[in-house]
Amino acid sequence: MKNEELNKITASYTTFLDRYYMTTIHKSLMKNVRAESLVLDFGGGNREIKKANPTYNIINWDIIQDLRDIEDYRVLKPNFIICCHVLEHLSTNEIKSVLNDFEKMGFEKLIIASPMENYLSKIASLTSKKDVHLGHKTKYKEINKLCEDKFVLIK
585 MKNEELNKIT ASYTTFLDRY YMTTIHKSLM KNVRAESLVL DFGGGNREIK KANPTYNIIN
645 WDIIQDLRDI EDYRVLKPNF IICCHVLEHL STNEIKSVLN DFEKMGFEKL IIASPMENYL
705 SKIASLTSKK DVHLGHKTKY KEINKLCEDK FVLIK
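For what it's worth, my numbering labels the leading residue of the sequence shown as 585, then goes sequentially.
Any given hint might turn out to be false.
In the DSS-like style, the derived pairs of lysine-lysine whose C-alpha atoms are separated by at most 25 Å in a straight line are [stated by the list, open to error]:
1. K680 x K729
2. K734 x K688
3. K734 x K680
4. K635 x K680
5. K661 x K688
6. K723 x K739
7. K661 x K723
8. K661 x K615
9. K725 x K611
10. K635 x K611
11. K739 x K725
12. K693 x K615
13. K739 x K721
14. K634 x K611
15. K611 x K693
16. K661 x K680
17. K693 x K734
18. K680 x K721
19. K739 x K729
20. K661 x K693
21. K739 x K693
22. K634 x K729
23. K680 x K693
24. K680 x K739
No lab work stands behind these hints, which were simulated from the structure alone.
Make the full structure from the sequences, and use the hints.
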């Protein structure tokens, strides 16, 4: 992925509706996480989850080196791993590799949020005047299947 494309994705939550949507998702993802737990926010971008939960032990890792709290996420033994709107930016082979890494790390819960790319998201694209699926390589159903093949899913 080109730096220009990454910058667009990283800076994409600029409207009130975008921020509200992502804030709601972040709150939902964190509701079952204990404050004393070690949390890996994989693909955490601008550290929005970490900023919103300053009392939590959240380690941010992103493909953009300047946004990383740690160089190699695989050295961690987190209780929780969060992937919020990130796996869809990876190819199926990249997702398989990341899931294999996660499996080796040992964790209590892997918490994933991925866009469904349904009619509602298409309407959101029109109202926000931008492609909300910019940079997506893998669809929700494919991500779900890859996760199902490796882990027990709780929806």
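Quick rundown of the hints versus the structure:
1. K680 x K729: 11 Å, holds
2. K734 x K688: Roughly 12 Å between the alpha carbons, so the hint for K734 and K688 holds.
3. K734 x K680: The given pair, whose Cα atoms are some 9 Å apart, holds under the 25 Å limit.
4. K635 x K680: Violated - the C-alpha atoms of K680 and K635 are around 29 Å apart, more than 25 Å.
5. K661 x K688: Judged against 25 Å, a Cα distance of about 9 Å means the pair holds.
6. K723 x K739: 17 Å, holds
7. K661 x K723: 28 Å, violated
8. K661 x K615: Answer holds: K661 to K615 is near 20 Å, not above 25 Å.
9. K725 x K611: 23 Å, holds
10. K635 x K611: 12 Å, holds
11. K739 x K725: 14 Å, holds
12. K693 x K615: Roughly 12 Å between the alpha carbons, so the hint for K693 and K615 holds.
13. K739 x K721: 23 Å, holds
14. K634 x K611: 11 Å, holds
15. K611 x K693: Satisfied, since the Cα-Cα distance of roughly 16 Å is no more than 25 Å.
16. K661 x K680: Holds: K661 and K680 sit about 19 Å apart, inside 25 Å.
17. K693 x K734: At roughly 13 Å apart (the allowed maximum being 25 Å), K734 and K693 satisfy the hint.
18. K680 x K721: 13 Å, holds
19. K739 x K729: 13 Å, holds
20. K661 x K693: Holds. K661 to K693 sits at ~12 Å (cutoff 25 Å).
21. K739 x K693: 12 Å, holds
22. K634 x K729: 28 Å, violated
23. K680 x K693: 17 Å, holds
24. K680 x K739: 20 Å, holds
Consistency with the previously given hints fails for numbers 4, 7, 22, ordered from lowest to highest.
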